[in-house]
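Q: Chains as they are written, first to last, in UniProt numbering: chain S, 1 to 347; chain H, 1 to 347; chain D, 1 to 347; chain A, 1 to 347.
No lab work stands behind these hints: they were computed from the structure. One or more hints might be untrue.
A short, non-exhaustive set of chain D residues, derived as facing chain S with CB atoms under 7 Å [as the list claims (entries may be wrong)]: (1) Val57; (2) Leu84; (3) Arg136; (4) Ala138; (5) Thr181; (6) Ala190; (7) Val197.
Note that the Cβ used here is the ideal one computed from N, Cα and C, for glycine as well.
Protein chains: 4
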Amino acid sequence: MQRKVAVAGASGYAGGEVLRLLLAHPQLEVGAVTAAGNAGQPLTSIHPHLTPLADRVLQETTPEVLAGHDAVVLALPHGHSGALAAALPQESVVIDCGADFRLRDPQAWSAFYDTPYAGSWPYGMPELPSADGPTRAALAGATRVAVPGCYPTAVSLALAPGLAAGVLDPGDLVVVAASGTSGAGRSPKAHLLGSEVMGSMSPYGVGGVHRHLPEIEQNLSACGAGPVTVSFTPTLAPMPRGILATCTALAAEGVSAAEVRRAWEAAYADEPFVHLLPQGSWPSTGAVLGSNAVHVQVTLDERAGRVVAVAAVDNLTKGTAGAAVQCLNLALGLPETSGLPAVGVAP
Amino acid sequence: MQRKVAVAGASGYAGGEVLRLLLAHPQLEVGAVTAAGNAGQPLTSIHPHLTPLADRVLQETTPEVLAGHDAVVLALPHGHSGALAAALPQESVVIDCGADFRLRDPQAWSAFYDTPYAGSWPYGMPELPSADGPTRAALAGATRVAVPGCYPTAVSLALAPGLAAGVLDPGDLVVVAASGTSGAGRSPKAHLLGSEVMGSMSPYGVGGVHRHLPEIEQNLSACGAGPVTVSFTPTLAPMPRGILATCTALAAEGVSAAEVRRAWEAAYADEPFVHLLPQGSWPSTGAVLGSNAVHVQVTLDERAGRVVAVAAVDNLTKGTAGAAVQCLNLALGLPETSGLPAVGVAP
Amino acid sequence: MQRKVAVAGASGYAGGEVLRLLLAHPQLEVGAVTAAGNAGQPLTSIHPHLTPLADRVLQETTPEVLAGHDAVVLALPHGHSGALAAALPQESVVIDCGADFRLRDPQAWSAFYDTPYAGSWPYGMPELPSADGPTRAALAGATRVAVPGCYPTAVSLALAPGLAAGVLDPGDLVVVAASGTSGAGRSPKAHLLGSEVMGSMSPYGVGGVHRHLPEIEQNLSACGAGPVTVSFTPTLAPMPRGILATCTALAAEGVSAAEVRRAWEAAYADEPFVHLLPQGSWPSTGAVLGSNAVHVQVTLDERAGRVVAVAAVDNLTKGTAGAAVQCLNLALGLPETSGLPAVGVAP
Amino acid sequence: MQRKVAVAGASGYAGGEVLRLLLAHPQLEVGAVTAAGNAGQPLTSIHPHLTPLADRVLQETTPEVLAGHDAVVLALPHGHSGALAAALPQESVVIDCGADFRLRDPQAWSAFYDTPYAGSWPYGMPELPSADGPTRAALAGATRVAVPGCYPTAVSLALAPGLAAGVLDPGDLVVVAASGTSGAGRSPKAHLLGSEVMGSMSPYGVGGVHRHLPEIEQNLSACGAGPVTVSFTPTLAPMPRGILATCTALAAEGVSAAEVRRAWEAAYADEPFVHLLPQGSWPSTGAVLGSNAVHVQVTLDERAGRVVAVAAVDNLTKGTAGAAVQCLNLALGLPETSGLPAVGVAP
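Bound-form chain S, shown alone:
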């Protein structure tokens, strides 16, 4: 039996990616597709790749249009999910791709966002190593799930195994991450024009101001090594998709390279989507393009006394829409990997 899934905010990149994945999913089918400013337009005028939905016109995002579905995926600007979710039937699964329900600490929310705190939902990163036991369990049968941010996905999965296993000193974490431009969304701005971004790298949100920072710190603080503060510098890279997170931490006193590697091996041995690469092989965003895969590598730099852990994800797939579908699968009792591309489109 096919379950019917509505997508709210279908005109953005995240919404479009959810639709791409739903179209290939054997147990899910696309229900209503809605938008705000773009309501009334043919879906393929915005997402020309979605030809199987060529007969669809974007509807208004209202509770009425979204009612009567097994699940609803919200891909809205932050600040909009709370009211809408409250108006949806309690028994409909609601998966929020936005930031609204990710943070458990209202003060962390207020320090980084300009809208009222909406609360927190189960956090949709099943693989996250944590001191509280696995996150996966909380997602089976959940009716509300907050999908993680793209940077937090890459950074948390890169560093958490070492913090959980005690091989990293939590005191001085430094992360520099490169993101493809689709992370900045589909809203046209001069600095995101192809002419500006091709052939160019630049940082942004430098100095502790990026909104994904409290989420990263929440995830890494839950690993049991104590609360962490992260130096986080995102950079914009000349590619449409992909995040490469280069994460470093001081190695815990006396830890060996083998102990470091064992921590990551143990964390991801049974994960279907997170792959610790063979030693000497480093992640590339190209290898995970369009897939739900996470590629991770780690090494101990003995000269500098630092562990370097690197993760690559596709910001729109595992970083957003793939995680949403993975959570949908868990919430609806389907196999966790159902309908999800395991392998990137490379080269």
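Dock chains H, D and A against chain S, hints included.
A: Frame of chain S; chains H, D and A shown alone:
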């Protein structure tokens, strides 16, 4: 029941793409993976995206290794498929991604290739409009299939409807096509380095010398409008994948824009992978990335008296490996679309 | 003695490129820099590369601000140059980068533009082979010059030698050209976002509707082979700059490959910026990046009976701002090549 | 009077860039151009952008060919400069773009390189803040100069002002830098193919093994804050040129944001090529493309207690060939900025 498929030439881009598609195919599983110079290497040292095959080592390409499979896909340099295919069991389906068995005219072969003519196999482009009736029929249950070249796929599907319907004058066809760099293969050459190709467009094989030319002409000559000669200029574009073929022909005397459109509509109305876009919307290679989709658009330029037809394909998917799997499906009696991505990874 | 040059429309890409070239020019210095919507903003907030002008704030584009300069370069949207130029002193050199004064035929203007016909000025393509004798002569000491469009520059310089020498049949010209995204300007639009254009090629303005078409036809019709109509398909390529124009024409009856080559050799033997490449070598946009160079190659395709001529230019340099400075040099009596980069930034 | 400059290793990207700059230099002219494996080939068959040198054929790299020039620029693989330089006249200025003479500590050399230690020459980074006084002075009239590496240029100019001024704690420096692919040279390798690098980011040389590390540490240790060890992770970015170095250090106890900014302002106030950007504006590699400019920005992240300093350079221009010409100017007594592009080719 899963059918087992071997891939010979698995270290190249075409072979890697066949493996990517097989991994997601519900009725096929990956058998032997073989190579020439790269035999003995771990598959993921060459194709790091193929993590589900992380335990595989490339074997030598020999008939013994390739025996015992329901099907074998050959992704070899031209000149190598004939001898190998002859040594494979007659009942194994053999799908050749190379050029060896595409041309029906030995002289056309000799004019463009430097190896002996190997013969011709059923031509694996099910959607090709033709004067001889549909190509699709010849592929059901075939045991040998020649997969079309990437440029011929885009150019033939762009122009054939108009030639078959008689709305184009076959006398003066002009094609300029842009290809992503993966079309040139994985063998390292200075002019294919990222440093050289990023930010740059250039033509190559200009003036009637590209090897895909006789195949293009074979396909278009079979449309019933008479033998054609094509002016074909391929260009190298700064993107890893994709072909955009811009094809023009003189409009037949007195033909109207509506008649032109109807010819293409009729040809592709029932095709699962070939989409004539809504009027005013033009194909982009980004919209078909990683998919088996072909996007086509056509218009009549009344000032110049020419019809312009444009097609976009992913050169590695529909242009090679996707067509191979589509033919495998037909040859093995599976649904034609089984396991094939219908929608591109965009943006 | 330095001459002072004002730039109106300095916030766009063309205006920015004019400033880049002026900063390196030994005989010219930057005077007023003006804009419309961006007036009041620091210039480097829009063009961060122009650090030597870090103290400049964009002024309003008014005749008063632009008065008192030896020359004024206009880089405005079409329809705005006429009134402004009329208000500038007759003795100031005015170089218009826009389309307003390029067309000599008011009807050609009206068929493609929505503003009133403004007239025509000497056409700023010194190298254009023509039946009327050299264009260069009309530019020496001119006080008003219309800078050619980017596509017309590439297409005209590719084809004109053959038309002027009578080795091409003017009856059926077909041009497909690829442009970098900066040709579409700095105004933010969704289809020009980096996310959309990277990795993707697509055509636009197909079927005889692009505004550069009457200018191309004007140039090629002036070659003496008779009036021409061109099938012109522009495509958007995933690169910030560059135009690659692939131009084909039927070879004149009985013409030989050597005669074809001689026509181009003769046309450009003494040109400082236009280079016919050695036989077998084809232009790439990368090789002319940021320079005033034009790379051209030509061949006779005897199978198809067509000559293929290809030109590469940087759309912002030789295609706009470089041509503007070249015309400035001629108008002011400076050496034609003064201050102009002759060599592209490659790789 | 023009000085004559020979270029050894002219077939690589560094050599090609030196030639591009020499062609635009008002006081220098190109003498012999030599190569190893490519000797005998026309220069423009390798560097098609260098059309003014279209008549040149690459000569063998021998002392005889290189004799009789005012200066010789060496752009050779490491290990080759020592013997060649020893065979050149003592009075010829020799500028080495390679690593051979950069390190003052033979043990640092041996730990990272596999050839014998060649010695050290004056280090060609005139702007480097240092405890020993300015580096510039040692370069005026020098006859031997070691041109800095590309990463060391970006990293040293980003961090040195803070170390020299005592506002940074030297104990825990973390650098993540992105480089364009031309930094890896022109020698063809599969992982550098356009197909592999476009759309992809990946790290390499992770964990304290990159050869630029001892040079970075040498420069930063000379700032007077004590010897430093750096955690350095280089990444390969999908662009042909450019380095973006994101450098972080613990802020010195009690230092304020204003004190941090003042340190950088003081260091670069009078530098012609190094620009501290206005507050809030961050460097991009696109803004320095093809130029000798260095764009720098710095901020204090009070949450994390770290200063983040970012520098952007063009790896081939200021990162190699531009620095070489800058040093040539100083060595020959010409104005330091002569012939050097001050402004990047943007967008």
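Q: Each of the hints needs a verdict: does it hold here or not?
A: Hint by hint, here is what the structure shows:
1. Val57: violated, 18 Å
2. Leu84: violated, 24 Å
3. Arg136: violated, 32 Å
4. Ala138: Not OK, violated: Ala138 (chain D) not within 7 Å of chain S, min 33 Å.
5. Thr181: holds, 4 Å
6. Ala190: holds, 5 Å
7. Val197: holds, 4 Å
Comparing the model with each numbered hint stated earlier shows that hints 1, 2, 3 and 4 do not hold.
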